[in-house]
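Add chain B to chain A, keeping to what the hints say.
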Amino acid sequence: MAAKVSAFTDTVSEVASSSAAAVISVQNLVHRYENRTALNGVSFDVRPAELFGLLGPNGSGKTTLFRILSTLMIPSAGRAIIMGCDAAQEPARLRRQIGVVFQAQSVDLKLTAYENLWHQGHLYGLRGAALKRRIHEILSRVGLADRARELVETFSGGMQRRIELAKGLLHHPGVLLLDEPTTGLDPGARRDLWQYLQMLRDEEHVSVLVTTHLMEEAERCDRLAIMNEGNLVALGTPAELKSEIGGDVVLFEAAKDAGLLAEHIRSRFHVDTTVLENQVRIEHEGAHRFVTEVVEAFPGEIEALSISKPALEDVFIRRTGHKFWSEKDDAEEAQSASKGHRR
Amino acid sequence: MATQTAALSRPIAPASAGVLLPAFTLWWREIVRFYRQKSRVVGVLASPLVFWVVIGSGFGTSFRSGGGQGQQNYLDYFYPGALIMIVLFTSIFTMMSVIEDRKEGFLLSVLVAPVPRSAIVLGKVLGGTTLSAIQGMIFLVFAPFAGVHLNLAQVLLVAVVVFLISFALTALGFAIAWPMDSTQAFHGIINLFLIPLWLLSGAMFPISRASGWIRALMYMNPLTYGVEALRALLYPGMDTTFPLPSAMATLLLFSLVMFGLAFLMANRRTTRPAA
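As you go down the protein sequences, you meet chains A and B in turn. Going by the numbering used here, the residue at position 30 of the first sequence is 1062; the numbering climbs one at a time, nothing skipped. Going by the numbering used here, the residue at position 192 of the second sequence is 228; the numbering climbs one at a time, nothing skipped.
These are computed hints drawn from the structure, not numbers from a lab. Bear in mind the structure is a predicted one, so any value in this text is a computation, not a measurement. Be a bit skeptical, because a hint or two may be false.
[Unchecked claim] Partial chain B-side listing against chain A, Cβ under 7 Å, derived:
1. 56
2. 57
3. 58
4. 61
5. 65
6. 67
7. 69
8. 72
9. 141
10. 142
11. 145
12. 149
13. 150
14. 293
[Said to hold, decoys possible] Restricting the straight-line Cα-Cα distance to at most 30 Å, the calculated cross-link-like pairs of lysine-lysine (DSS-like) are:
15. A:1274 <-> A:1341
16. A:1142 <-> B:139
17. A:1142 <-> B:74
18. A:1164 <-> B:139
19. A:1355 <-> A:1341
20. A:1164 <-> B:74
[To be verified] Not close to chain B: a few residues of chain A, all C-beta gaps over 12 Å, as computed:
21. 1113
22. 1263
23. 1287
24. 1306
Ideal Cβ placement from N, Cα and C applies to all residues, glycine included.
Okay, chain A solo, but in the shape it has when bound (with noise of 0.2 Å):
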């Protein structure tokens, strides 16, 4: 693989400057393993210096996707571009630009987490002086400066995903590629490394695509991709997609049957509803008077009810018409673990 570089500083420079062209340029990608379809034709943008987050229940294709971007795979069908270099025809070029934190970790715990870095800079051309000063700007930048000479095996698993977040960002790119990247971590680690990524998107205005499983953290991004069996369902920020949810969401728990409730309801009132499991779901304005009118109307068959701000999980609910975790997502899961995708 020859590492055609000579004109990428040009590249780099021109792209992050005209702030229209989009940092990632993800057209109608396809990826199918051998029995079954992981990515199923999505297209997205990612627009610079922008936090952009990739949400899906697990097996969703945004683990496949993320491959393909991180260029350890090649799509079936489709191309994904970061900053003018195709994924599967210039990985080369396009790994220069980008800065890559796994989901599983890929930091040495036999080495320091000084030689984690000045390993991790010589693989991108960093080297001497110039490596040194920029390992010590980074781990004071993580807060890690004081613990550059111990081994990374005595670091807490907060400590170890910052280590993980110096190696991806200590050549500069231009695009950090994360996958869960708060895996594992507690309450307190976790409100830390998105302060730290919406750090790097003002002051550095690095673009940032982070995949996510978590509602709480798919609301800390600029926009979301919500991504659903291989499609992509929704696109927008969190407050643009929540918008399109006409007043509260209701919920009532049925008592006997969730569906024969709902088409009692539905019947009555006139309004859209969904089943899920032995709940019946339903958007509307005005939410507290229609629950007293329902619960009137129907007594002895509403067994608990709630009603909420639309959240981005009713967002999902609406697109797919299914919960964000169900008992299924987590068979599918178990089974693709027990796999094995190779790491």
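Chain B only, in chain A's frame:
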């Protein structure tokens, strides 16, 4: 360029990493990881010693009677083969680290770096080569007990031969380990043909005594040329099947072919997960 703020230090965006710098760094990582694990260090340093003490004392009493005028006793005959055996096992088994790197995730971060695959192969293979060549050279300390007294030129030539064998076998280990996801599977494959490879290298019995198809297999076995080259170097008086230069040339060729094989394995980009 004095860089006070993070934004200013952006211009040090990397030049080409080339092949040598990444290969060097991966090689050095192998060495550092090795000496951080003290039990590995003890194993590498002590195993030639234990091996020779056991073999030597065992053979010493059972077989020493055979040595007449101009004829080697069996212990002396066995010495080059024993050296090869040590190098063979260490070379191949150091490449279990390829599987570990894959499992520990380190390999992934190398694969997404702008590093040519040839640099990855070169760094890893040279790392393993260094360790097994060191071990092989340690075994050379016992040469006097096998009736061998070497001058400096001979030691250097032996070092070249040991390096070539180590390199070729480590590259073979890399090629085998690359597509595997468990060290158990690796053990299985290795055991299948490692021992036959060694047995048919002239380490146990000379080619001249082998018959028919066994002899043909021995001619095809690259390890044969390693054993022959060592034997020619250690016992210049004895006649060998192959002259030293042609044995060494064959070893060199073997090294290049094995490196090529390892490179081909590592250079595949697929539509399958994380290859």
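Each hint tested on the structure:
Restraint check, residue 56 of chain B versus chain A: the minimum CB separation of about 10 Å is more than 7 Å; hint violated. The criterion of a C-beta within 7 Å of any C-beta in chain A is met by residue 57 of chain B, whose closest approach is roughly 5 Å, and the hint holds. Using the Cβ-Cβ criterion of 7 Å, the hint placing residue 58 of chain B at the interface with chain A is satisfied: the shortest such distance is roughly 5 Å. Evaluation of the residue 61 of chain B hint against chain A yields a held restraint, the C-beta minimum of about 4 Å falling below 7 Å.
Contact between residue 65 of chain B and chain A, as hinted, is supported at the beta carbon level, the nearest pair being about 6 Å apart and thus within 7 Å. Given hint, residue 67 of chain B at the interface with chain A, is violated; its Cβ is 12 Å from that chain's nearest Cβ, farther than 7 Å. The closest approach between the C-beta of residue 69 of chain B and any C-beta of chain A is roughly 5 Å, which is under the 7 Å cut-off, so the hint is satisfied. Nearest Cβ of chain A to the Cβ of residue 72 of chain B: about 5 Å, under the 7 Å cut. The hint holds.
Proximity of residue 141 of chain B to chain A holds as hinted, the smallest CB-CB distance being about 4 Å (cut-off 7 Å). Nearest Cβ of chain A to the Cβ of residue 142 of chain B: about 5 Å, under the 7 Å cut. The hint holds. Among the interface hints, the one on residue 145 of chain B holds; its C-beta lies about 4 Å from the nearest C-beta in chain A, closer than the 7 Å criterion. Nearest Cβ of chain A to the Cβ of residue 149 of chain B: about 4 Å, under the 7 Å cut. The hint holds.
For residue 150 of chain B, the interface hint holds, since its Cβ comes within 7 Å of a Cβ in chain A; the closest pair sits about 4 Å apart. At a threshold of 7 Å, the smallest CB-CB gap from residue 293 of chain B to chain A is about 21 Å, leaving the interface hint violated. Of the supplied pair hints, the one linking residue 1274 of chain A and residue 1341 of chain A holds, its CA atoms being roughly 9 Å apart against a limit of 30 Å. In summary, the hint linking residue 1142 of chain A to residue 139 of chain B is supported, as the alpha carbons are separated by about 14 Å, within the 30 Å threshold.
With a CA separation close to 12 Å, the supplied pair residue 1142 of chain A and residue 74 of chain B stays within the 30 Å bound. With a C-alpha separation of about 29 Å, the suggested pairing of residue 1164 of chain A with residue 139 of chain B holds against the 30 Å cut-off. Restraint check for residue 1355 of chain A and residue 1341 of chain A: satisfied, since their Cα atoms lie roughly 17 Å apart, inside the 30 Å limit. The suggested pairing of residue 1164 of chain A with residue 74 of chain B holds, with an alpha-carbon distance near 28 Å, which does not exceed 30 Å.
Residue-level check passed: residue 1113 of chain A sits 16 Å from the nearest beta carbon of chain B, beyond 12 Å. Listed as a non-interface residue, residue 1263 of chain A keeps its Cβ farther than 12 Å from every Cβ of chain B; the least gap is roughly 19 Å. Here residue 1287 of chain A stays apart from chain B, with its beta-carbon at least about 46 Å from theirs, past the 12 Å limit. Residue-level check passed: residue 1306 of chain A sits 34 Å from the nearest beta carbon of chain B, beyond 12 Å.
When held up to the earlier numbered hints, the structure conflicts with 1, 6 and 14 and fits the remainder.
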